[in-house]
Every structure is written in C-alpha cells, then in structure tokens.
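K.L.:
Assemble the whole structure, with the sequences as input and the hints as a guide.
From first to last, the protein sequence lines stand for chains A, B, C and D.
Going by the numbering used here, the first residue of the first sequence is number 1, and it counts up by one from there.
Going by the numbering used here, the first residue of the second sequence is number 218, and it counts up by one from there.
Going by the numbering used here, the first residue of the third sequence is number 362, and it counts up by one from there.
Going by the numbering used here, the first residue of the fourth sequence is number 715, and it counts up by one from there.
If you are wondering where the hints come from, they were derived from the structure by calculation, not from laboratory data.
On a predicted model such as this, the values are computed, not experimentally measured, just so you know.
Warning: the hint list may mix true and false statements.
One side only, chain C facing chain B, incomplete, derived with CB under 8 Å [to be verified]: (1) S379; (2) M384; (3) A388.
Even for Gly, the Cβ is constructed at its ideal location relative to N, Cα and C.
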Amino acid sequence: MTLLDFARGPAMQIAIIIFVVGIVWRLVGVWALRQKKDLSEARQKGAWVGGIKGLFVHAWPYKPFVPKVGAQYLVGYVIHLGLFIVLIFGTPHMLFFADIVGFTWWTLPGGVITAVAVVTTLALFIALVKRLVNPVQRMISNFDDYATWFVTTAPFVTGLMTTMNMWPHYETGLAIHLLSVWLLLIYFPFGKLMHSFWFVVSRYTTGSRFARRGGMA
Amino acid sequence: MSLKDIAVRLDSGPGPGSPETTGLAVALLREVADHLLTVSRGGDRQVVELTNLPLSDGDVQLLVEKLGRGEVEARISAAGPTEVFETAFPGVWWVKYLGEDDRVITQQLEIGTVPMILEAHQEDIQASARQFPSMFDELDPNQH
Amino acid sequence: MKEHDLTLGEELRRQGISRRSFMKFCAGVASSMAIPAAMVPAMADSLAQARRQSVIMMAYQECTGCLESLTRSFAPTVENLIFNFVSLDFQHTLQAAAGDQAIEAIETAMEENWGKYLLLVDGSIPLKDDGIYSVSHGQSHLDSLRELAEGAAAIVSIGTCASFGGVGAAKPNPTGAVGVDEIITDKPILNVPGCPPMPEVMTGVLTSFLAFGALPEVDRLKRPKAFFADTIHDRCYRRAFYDQGKFAYSFDDEGARKGWCLYPLGCKGPITHNACATLKFNQGVSWPIQSGHGCIGCSEPDFWDKEGFYKPLSAGQWGTAEGIAAAAAAGVALGAASAVMSRRNQDKISGGK
Amino acid sequence: MSDTTVTEIELDFESKRFSVRKPEERFDVQGDMTDDERVEKAMVNFAKDFGRVSATYMEACIHCGACAHACPFYEASGDPRHTPIWKLEPFKQAYKREAGPLAFMYKTLNLKPKVTVDELKEWQELLYDTCTMCGRCTLICPMSIDIATLVGMARHAMFHAGLVPHELYTVTAKAQKEGSPLGATPSVFEDRVEWMGDEHEVDMHIDEDQADVLVLMSSIEIQKYPESMAATAKILNHMGKSWTFRTDGYEATNFGMLSGNTGWQKDMSMKVISTAEKIGAKLVILPECGHAYQALRWQGANMYGKPLPFKVQHISEFLADAVDSGDLKLKTVNKSVAFHDPCQVSRRGGATPAPRKVLEALGVELKEAESGGNMNLCCGGGGGVITIHRADTLRYKIMANKFRQLDSTGAEMMVTSCSNCRQNFDESGEKLSWGKDMNSLLELVAENLVEDAKR
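P.N.:
So this is what it looks like as structure tokens:
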C-alpha cells in the first residue's frame, strides 16, 4: 500500500469517523446540559427573530469598533472566504465532494484557485504574526490556537506545493496534502475549529436573550 | 441506431492540432537567437530539439513564418529520408528526421555551418578512400 | 562465432550502413531519451566501439502483450539497427527451436556469455507454494529466474508484471506473484513498466547499455529517468485545459468532445510516470488520452487496485453511510454521557448545599 | 461562612464617592478555609449554576482578543490582563477540565491543570476591580459571548471561596445584616424620608398598608442624593398615584449579586418582592440605580422561582410612560444635553429609549455622544468597583476617557439616570477638575413639572 492509497483509504475513513464522532459529542455534550428557564417578563416577543438577527449583526464590528478591529476582521474574512472558495470551487475538491453528493458544479480555473490559496496562506501568516506580536492575543493564546493555525495552514501549504509540483513526487505530495486535511478533520472537534458550529449557537443565544430584554449585544 | 448516428465533434484546444499559440514558439526563437550568437563567435554546433515539446500547430506555424526559407534545401536518404533546409537566417537549419515509413522521428533546429546529417563523416570518407581505388581494377588497363 | 567479435561500427560498415545513417539513429535515440543533442557524436563514437551483446529473454507469468509491443519497434525502421546487432539467444515465442532444443539454446548462451549476458524478463513470478503456479519444462519460473540471474550482467524487467507484479499480483494475488526485483537483489535491475511498455524505451535502454556499458540512471522504482521522470500530466497536451478548469465530466459531454481534461473521469496522469505523452504508441499514431480516455496509470505499481479507473484522483473512500451514522450515534452517546456526568456533579453540589 | 479575618471598615461620609473608608490594612481573603477547600468551593459554586448557555459561551471563544478593545478598563490601562475573556481564564480552564463535554479527556490527560488558589487570588483583581459587567465586550465579540454574565458566575465562585475584595465584602455583609450596604437602615431611611418631606414640602407616603406602587430607593440616594426621594414623591403625588415607601422593603441595591453570593442576592430580592406582594403593589418602581434594575427586573423572577406578580420599572421607564400617556406635562428646558446611559439599564437592561423619550418631552437638544446609547462607554464604577479603593487609579483613567467623550458633544448639561454613575462623576469630576455636574434625569423632571396641567 502506497502512502497515497493509505491517505485515500483507511486514513480518510478514520478521520471522517473521528470528525463526526467528535463534533456530535461536543455539540450534544453542551446541548444536553440543564438550562434554567428565564422567568423574567420579556420586554417584547419574538426572541427568535433577535436570535436570527444576532447571527448576522456580529458578522462585522459595530461602527465605533471598526478602527480597532476592522483590519483583524478583514484578515479573518480573507481566511474564511479563501478557505471556502478553494474548498468548494477548486475542481479536484469539487470532484472529491461530487463523489459523495452525486453531482458536480461549476469550478474556477486552477490559476484563480492557486492565487486565492496564496492570498489565504498569506492572511494566515499575518494572523499568526499578529497573535505572536499583539500582547493581548499572545497572552490569551494557548496550545489550541497554535495547533489550530497549524492544521488550517498545512492543507494550504501542502496543496499549493502539490499543484506547483514542488514535491519530489506528485503522488507523495497529494498523499501528504490529503493527510494534512485528515489531520485538520481529526483535530477539528477538539479545538476551537468547532467555532464553525459554536458561532451559530452562541450568536443565536445572545441575540435571542437580548431580544427579549431589549438593549443590545 | 448505430454508432455512426452519434454526432461527435472534436474541437482541439492548445496542443497538437490547435491554431492557437502557446508562447512556446517565441521562447524557442529567443533560444535560437542565443545559439546563433554563440556559433557566430566560433562556438560549437547547437541543437534545439522540437519533438519533445508540446508545440501547437499555431506554434509550428509561427516558427515556419518567422524563420522563413533560405538558399539550401536537401533530402538525405540514409535509414529513411531526412529533410533539411536552411532558414532565411544563414546558419540556422531546420532538420526533419523521418523514419522509413515517413513518420517524424525527431525534428531539430541546428545552428552551425552544416547540419550533422548533411556532412560526410570521417569514417565514411575513409571507407570510400579505401574502396575508391578498386574502381580502377575494373577499368580497362589499356586506357591508362 | 566471427560475428560476435565485430564491433557495432564494423558490423555497420559490413552491412554497408553509412555513418550518416548511424548518426541519424543516435539522434533519434538521444531525442527520445532526452539526452542533449550535443552528446550525440560522443554517444555514436562509443556505441560504434560496442561489441555484440548476448541477450536472453524469458517469458514468465505473462500475456505476450509486452512482446507484441516490443516487436513494433522491430519493424523496418532505424531502431532495427540495434535489435539486429544484439544476439537474441533465447526468446521462446520468436525462436524456431522448441522443447529440449530450446533449453539447450539457453544453456549454451549462458555458458558462452556467463557474467556478460543481458537478461530480459517478461511477466511476473509466482512465489506461492514454491512457485508451482508457473512452470516451464519442469522447472518453476522462480528457479529459472534465480539460475539465469546468477550469470547475468544486468536484468531488464519488461512490462508492469515483471517490474511490479502487474495483473498477476492484483488483489487477491492468488499465485503470490511478484516482480523480479523482489526476488533478485544482487544484480543491476532496470524496470520498464507499462502495460504494455513503450518500445522506444527498450531501444533507448539497449542503446544506452551498449554505448555506456551500464544501465541508464533510474528513479526510486528502478525506471529509467529519461522516460519516467515526468508524469503524463506534466507532458499532456490537454494540460492547458486542466489549468484553465475546463473538464470533461462524462465521455459524451461537451468537454469530452472538445478534448478537455479527463481528470474528472479518473485520469491517473498526475500520478503516472511515463513517456506516452511525448512518444505515443504505434509509431507515434496516438495514445490513450489523445483517443479520449484517461490514463489508467499502467506503469505504476498496483494500478489495478486503485479504486477503479474512472474515479477521480481526488476522490477518497468515504466509507459507508452506515459507518458515518454509527459514528454520529457514538457521538450522541458520548455527548449524552458527558452531559449526564456534568448534571450528576451539579446535583451532588446542590444536594450538598 | 465565617468572616473572622475581615474587619468592619467605617463608612466614609466625607467623600463624594459614597463607600467605606480606605482600609488601613487590606483583608481580601475571608474565612479560615484551607487552600484546597477554597479551590473546591470556588469550583463547586461556579459549576452549580452552569447551564447550556454558559457552556456555549465557554466553548465558543476563539481567542481573537477583540474584546479588549471594547473594555473601558483595557482601553484605560493597556494591560493585556484586562482583556475581558482573560478575566475568566481560571474558570474557562476549570470548565474545560471539570464540566465540558471533553472534561474526561482533559482531566485524564491533565491537559488543563487544576486551578490553584494563587491563581484565584490573582484573579480577584481582574474579576472585581477591573470589571463592571457592563457588557460592552459582547458587542465587539465575533461570537457574541456574554462575558459579563460569566463574570457574574465567576464572582459566585470567588465569594464562596472567600476571595472578595475587602471593601466589597464589608458593604455586602453590612447590607445582609443591616438591610443597607451604606448605613441606610430602616430608621435612617424613615428619618430621611421625613426630612425630605419637610424640606421640600411634599407629602411622603411611608409604610402604607396597601398601595398600587411600591417605590424603592438605593442607599446612595438615601444617603447622598436624598432629593431623589422628594422628586419621586413629587411626581407620583402630581400624577395622583397610590404609592408608598416601605421600611421593610426599600433597598434597591443588591450587593449579594455584585459580590457573588446568590443566597444573599435572593434574600435581598425577596425582601422587596414579599413587601410588594404584601401591599398588593401592581408596580415596583426602581430608583436611578443601574444594577438594581438588573437584579429585580431581569433576575428577580429567577430568584423568586416564578414570574413576579407585579411589573418592575426603572424610574426612567415610568417617566417615559407617563410622558407618553400625557399624565405628565413638562416645561421646556432650553439647554443642550448629553445623556450618559447606565450600562445595566440601557445596553443590558433594554430601557435605552425611555430616557430619550423623557428628554424629548423636556424639549432639550439631545447631543448623542460618539459610541453612546447602547454602545455607551461605561463609567467604570459599576459592579461594586466604586467601593474598592484599590481600583481608584484606573477608575480615574476611565473617567478621563468618559469626560472626553461627553465633553466632545459640546452639550451644556450632563444627565444620567443612575446614582452610582452620578457619584462616580461627582467624585472623579472633583479629582480630575472636570468642572461640570452630572444631573439626575429624575430631578430634572421633578423641577420642570407643569404644576396645573393635571388639575
């Protein structure tokens, strides 16, 4: 069995299983905790509307905060959108998903994907440098933050190296790229990558809590 | 319904059979210019290999156009035919090695005084020098 | 045996073949092996000094497809120069002799050229049950190979079977078939994989063996780098479409008709090292991708067992829906268990208060 | 809980900030528990009220550090330790180790070490001195984490571990014992109500058996701004309401909540709730006090265990309703006004529009500060911070920012509706020579009643 066969076969299956088990475990583990009902009289009805609104209002900082954290948000968006574009609109990636969803979709030219990946990788490095240099971020960072950075950046770097044929052998490169993605999937449920789920839960929770009160969050 | 009823259209992209150029031709021309400079200063014969490159028809067309044709044209019959012509630039030769079945084995641009395939080689000259006198044996001695 | 004493140059002269013809042949080989054209004169000189080489070609667990392919370069072209020059002392399909006579021919060739002959092997060698699944003239091919290898100067494995086991070694590999280099470890071995291999590779390898007295430089799978350094994808004329994101998604769609990239249809070009894209088959007529079918990766080990020829390279094994459902169920169980533990802790705490 | 190591500190009547005097020697650790017991107590009391919501918040943080830039304390100090989420670090660690879904993993592999008593002691300053639970950090958080609520929960842990700052503990214990954190005992209250009645010639209703409206006061008002009582009485009388003060339930502040003792918080809330029930009140009016609104309006029912049988309104809400219904007619005040929103009433209470409605009725030109309203900068004195002398230096720095923000509006008059904010403005204003006064919205209304509008 070559490394590529391992990466495409058992490694992938193990990664997917850990990914699914971990995510469900963590979500259910929190969801199944007790929650006392808020007995105070609501100021207004339709807290859920506020919850839904909450999902979107925190997508960009409120005006007074833009000068302070706007750039940080921007870098965040580059990373997230880059990740999304490369993942969904890179042809090999689309074909990877097509295999399970059963249909194909429009993709972007390889050159565009490569450019997006390069920009995203740069943004990831900017984020890392900021984390290391900014006293606040450096203080509140722990192993998880750096591990998350690593498992997110690795697929970009290995993927770029594979498309640019920088490995001695393409198939080894492809295998390493796949393995780096499986590492991401395996780490996903146990670190802050889970924010891709928590952001919905947390924003909705705050949005709806403060919608019934009035005020702002 | 037979297979013939299925309409198949084959368009070709860049690559063999495509009228588009890939930029490779221009790069090759630059290489030739370099070699020409080397040879003009008394350097050795230089060869640019064309066969292994994914040249499109458009590329080949461009090369043919830009290089043009010069004074010499030759056809060599040795292990199948070989076609040679000098381009509009003296010292730049287009050499096409063909198999006995006329397929192209390899195509090269040679930069030098005479293409390798055209000149008579020392071994062959020696052999002919050895064999030449035997011609006299067959001739009538009276005529001497 | 006078013939054996002539150098190739002398032999050529005897046959009235001009140096010019020979130079042309060398230029052709150099081109196919990516040897710099500037080296052609030196290569020709050294080749002219070479003496007739004894070659023994053995067919083991094989289908004769490789031989079929090789004989395509035996056609009356410049390549036959080299094949005419080698002394093919044994090849049981091509020779007239059979049975005891054939065995005698091998033995004679071995004795006369001990330590000097080139051994060409075609087909895999079964190891299971002492190799009884492939036997000729009462001798297992395993024993035959060991015996012949001992006196060989070098071994060339022709085709994917001899190189990596090939179809014989495909799952479940009932005969325990392997390639030559898993049995013979103390001789220079060169693999010319492919199903079938490209005849030009054989020409190139023989020429280079004769000219330089050694096998050409090889990669980690013992394949001559001159032909196997690049992938099909690197040299593919459809590569531009891959870069542009233009693909064929089925064999009868717009993309397929326009000759776009076959990656989504399972083309293994990116992971397959071979020279098909530049040399093509059948005297340069065509090759699989030019005919509209993706590369199946036939010159790579275990290519039969790579999840099907039509599955895109980027596809993986998702596992079954049941497996994923079971994983989700396990997640629910773990999550619920941890929540129950937390709740119990809370009860204990507030009970204590 | 024993408090043998805590000594009572005298009240400080001279300062504009109404608190206890600066302790000569600090006793920031209460009780005589061992270190292990303290950690144990802290964890137990932190975990006790833990639910899905708090767990979600604990899980959601991505360590982006944005919250620092919304925090008045960090903005004033630039100290990374004042990053809001960092103030929860030991509790986040404890959550991951003890209560989260992956707790088992963290514990067996010891990935998150056990919290130590030294860490808790270190965090006392971060949880009490440098957080008013103003909730501005939630606004900037990309995950919308309600850090203020979590700080409240962390204070539960700290109180039970006996790790409350000396002054805050003193006033809290005083409140539990005497009914008021600042010496406004029932008899003091009664005296001062009568005094204000005489002084301002208003009818005071005290200890009526039945009334529709129960009016609460905070100790700060009783002791420092007694005119509030007169103003409230004047307005309610003017509107012809059936109302009363009650000596058995008048204190609006809830230091049980601020210090983190849920038991005491409940005691303090229940005193008011049962009084209101007893007199059949339909409405309880809260004075100009921010955290009182949080305690009764939003947490009262949860302390009570069922929905409250009466309505709870902040005085600004009551005034806004009265203005809206036409029960209250106001004279025009020809001034430009900047309004300082008390965090617990506006951003975290939801009553933001109420004072604006009242100011509109007063006909003033409202000059909104940059980042005002729901996004207002906290004055830095809430959440009990103003009582803690250790926090003074930083509080003045925050107030300097605050003054700049309000001054830049160019308004002639400063108004707020929280007496705790007000005393912070008064005291810091004196210290920093602000040269302006912070006015009470309630008093402004009372001064500008159109007397005969109703008759």
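K.L.:
Indicate, hint by hint, whether the structure satisfies it.
P.N.:
Do the hints match the structure? See the list:
{"no.": "1", "hint": "S379", "result": "holds (5 Å)"}
{"no.": "2", "hint": "M384", "result": "holds (6 Å)"}
{"no.": "3", "hint": "A388", "result": "holds (6 Å)"}
Comparing the model with each numbered hint stated earlier shows that all of them hold.
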